[in-house]
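Protein chains in written order, with the numbering used here: chain W, 1 to 278; chain P, 1 to 419.
All the pointers check out, no bait thrown in.
Example chain W residues on the side facing chain P (calculated, C-beta under 10 Å, incomplete):
| hint | residue |
| --- | --- |
| 1 | 166 |
| 2 | 167 |
| 3 | 169 |
| 4 | 199 |
| 5 | 203 |
| 6 | 204 |
| 7 | 225 |
| 8 | 263 |
| 9 | 264 |
| 10 | 268 |
| 11 | 269 |
| 12 | 276 |
| 13 | 278 |
Computed spacing ranges between beta-carbons, pair by pair:
| hint | chain 1 | residue 1 | chain 2 | residue 2 | range |
| --- | --- | --- | --- | --- | --- |
| 14 | P | 174 | W | 40 | 27 to 33 Å |
| 15 | P | 56 | W | 160 | 18 to 24 Å |
| 16 | W | 275 | P | 143 | 43 to 49 Å |
| 17 | W | 117 | P | 107 | 41 to 47 Å |
| 18 | W | 30 | P | 104 | 54 to 60 Å |
| 19 | P | 174 | W | 99 | 38 to 44 Å |
| 20 | W | 142 | P | 76 | 48 to 54 Å |
| 21 | W | 157 | P | 316 | 25 to 31 Å |
| 22 | P | 316 | W | 127 | 42 to 48 Å |
| 23 | P | 47 | W | 28 | 54 to 60 Å |
| 24 | P | 216 | W | 163 | 38 to 44 Å |
| 25 | W | 99 | P | 322 | 57 to 63 Å |
Keep in mind that the hints were calculated from the coordinates and are not lab data.
Quick caveat: nothing in here was measured; it's all calculated off a predicted structure.
The beta carbon of each residue, even a glycine, is placed where N, CA and C say it ideally should be.
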Amino acid sequence: MSLLQETTPLLSVRGLCKYFPVLSQGLIRRRIGVVRACHEVSFDLARGETLGIVGESGSGKSTLARTILRVTRPSSGSAMFYGEDPVDLATLSAAELRPIRPQLQMIFQDPFSSLNPRMTVEQIVGEPLLIQRRARGGELEDRVTAMLRRVGIRPEYRSRYPHAFSGGQRQRIGIARALILEPALVVADEAVSALDVSVQAQVVNLLRDLQEELGLTYLFIAHDLSVVRHVAQRVAVMTRGEIVEIGETAQVFDEPQHDYTRRLLGSVLEPDPDRPRL
Amino acid sequence: MVDSAREQVSRPEVPPLLEVNDLRTYFHTEEGEVRAVDGVSFKVGRGRTLALVGESGCGKSVTAQSLLRLIHPPGKIVGGSIRLHRGEGEPPLEVLEERANSPALYELRGGRAALIFQEATAALSPVHTIGNQILEAIRIHQKISKKGATELALDMLERVGIKDPKLCLRQYPHELSGGMRQRAVIAMALVCNPELLIADEPTTALDVTIQAQVLLLLKQLQKTLNLAILLITHDLGVVAQMADEVVVMYLGRVVESGSVRAILKKPRHPYTIGLLESLPSLTPIGQRLPSIRGSVPALTELPAGCPFHPRCAYAVPGRCNVGAPPPLEALPDQRFVACWRTREVALERLLQRKAEAPGSVGGEGRAPESAAAAGQGAVAPSSPSAELLGDDRAEAAWFDSEPPASDSEGAGPGRKEPA
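Between the sequences and the hints, there should be enough to build the whole structure, so can you do that?
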C-alpha cells in the first residue's frame, strides 16, 4: 500500500444531496415541490472500516447508499472514491462508471427476492466474473468454488437452485456474488435484518471474518441498533435525509448528543425483564 | 426464583381464560406428514401475556391459527383440546369440539378472540375506508345501529391514540403511516371487546420508536380491558418487556416454558440458551457472536431423537440422537424443560460462569480448588456444591433427583400440563 492509500479515506462524501420532485396530479404534471431524501450528507469512510448507518424507515439510509453507488444520480455534492484512481462517483457518466463498478458492491436485505430463482448457485456467483470478463472456463469454476467455500457453502451444492437453500445460506450466496469481484467497498443494506437471530449471528460473524481476510470496507445500513453496535466502528444516525450525529460507535451509544439519537436508543428493548423500558 | 414461585402460588386461584392441551396440527403434503404443531400445551390468564417464542418455521403462527380454527387443508388439527373459559357457571367453550362454521366459532373469531398480524397493510382492505372496515367488524358481532357503531369506532380509534378519529374513519389504509395503520388494526381487533388478543409479530414491521409506542399501547389497553394476550414473536427484547410467561417452541414442540424471568435470566434448554446468546446486545463489542450452528431444518426432515440435537452444543451421541424426543420435565421454579441433559447443561453453565467471573455465582466461591472442580465437573456431571448454588435448596434437591427415563415417552410429569 502506498502512503497515499494509507492516509486517505476510501470514500469521502461531501454535501451529497438527492432530491425527488413531487409532481402535481393530472395531465400536465407540474413540479410542485421536492422530497429531500438526502440532504447535505458528508462523511469519510476509512479503509477496512465499518461505518454503520442507522435511522428509521424513510430517513434516507437506502437512498444515500443508492446515490453513492450511483443507482440514482445525486442532485448535488461529491463522493470521492479513492480506489485504483481517485474519482468522483457523483459526476461520472454511466460509461465512465462501468470499470469502477466491480470495486463497489452491494449485499441486499431479502435473500429470497435478491437471487434469480432460475439460475444455479454457480451461475449466480459466477455471473459478475463473466460480465466483467474476468474469468471463464476452468478458472471461473475454480474461483466460484473458492468463493463458495469461503462463505461456508459446500461447493458440491453449486448446481442447485436458490429454493433449495435456507435464508441464511441464501444470504451467504448473495455475499459470495458481491465479493467475487474483490470489491473495495461493500454496502450491506439491511443485510442481516431478515434472518432469524441464530442465523443472523452466523452471518454477522462471516461478514467480520471476510472483512479481516479481504480488507473490506463496509457501509452497514441497518435499523437494528444492537447489530450496528456490534459490527460498526463508527456510526452515523440519519433522520429526514440528514446525518444528525456521527462518531465512534461506543461514544454515540453511550453518550448520544442529538435528541433524535437519544430517542432512538431509548426505544431499544433490552432482553432483560429487570430493565423495563415501557 | 424462590420468591417468584411463592408469589405465583399465593395468587388466588383464577381459572385461566385459555387452556391449550396437547395441541397437534399436522399438514398432509406430498413429502409426507408435516407435524407443524406437535403436542403443545399452555395457559393464558386474564390480564396476562404469554409469549410464544421461536425462530421462523417453529410452529408459532400455526399454533395461533389453530386456536381460532383457521387451519385449512392440507392442514388438520388432529388432536388435543382448546378450552376458552367463560363467566362463572357457564361451561367452557371447547373450540375443537365445535363443528366448522358453528355460531360459537363465529362468535369466537373477532368477537371473543381477536387476531392481529405483522403486516397491517395486508390485514386491511385497500379499497375500503378504515371506518367501513371497523364498522363491519362491529356490526357482525353486535346488534347496534350504524350511528352507535360509528360512535364505538370513534371511541376506539381515540383510545389507540389516533389524533383525529373522525378523519381516520374516512381514510384509506394507504393514507396512514405504518404505525397508525397498526393502531387502526388494533382498534379493529379490540372494538368488539375480546377477552383474548392473539398478536402475531405485531411490531416486527415497525421502526423501533414506533414499536415502543405500539407495545406500550397494548400494555395500557391490556390493563384497562383485562385482556389476555398471546404474543407471538421472535424478538426477545419484546418478550422481556411484555410477557409474564414464555413458551419456547422448536420444530412444533415446546422445548421450555416458564416465567419470563426464569426463561430469560436462567435459560435451561440449549435452544433457549442459544437464542439468547445470539443476541448482539448481550455480547461485548469486539467479540464473536455465539451462534447456534446450522439452521432450522424442514419439518419433513425431522432428526431422530431430540429434534434439536444436530444444532445443540451440549448434545452427546447415544443419548440425544436416538429414540423419542425428550419429554417436558418440571423443574423446581415452575418451569418445564424438554432435554435429556438438563442437569448436566445447567451444571456446565454454572461452572463456566464461575470460571469466567469467580464469586459471581451462588455464594462466596473464591476457593482455588473450584477451578479444578470446574474442569472435572464439565466432563463427569455430578451434584453441584452448595457453594455453586448458593442457598437455593429446591434447586440443589433437583440436581440430586433422577432425570426422566428415556423410555417413558410422553409420560413425563410436564407433558400434559406445563405453565
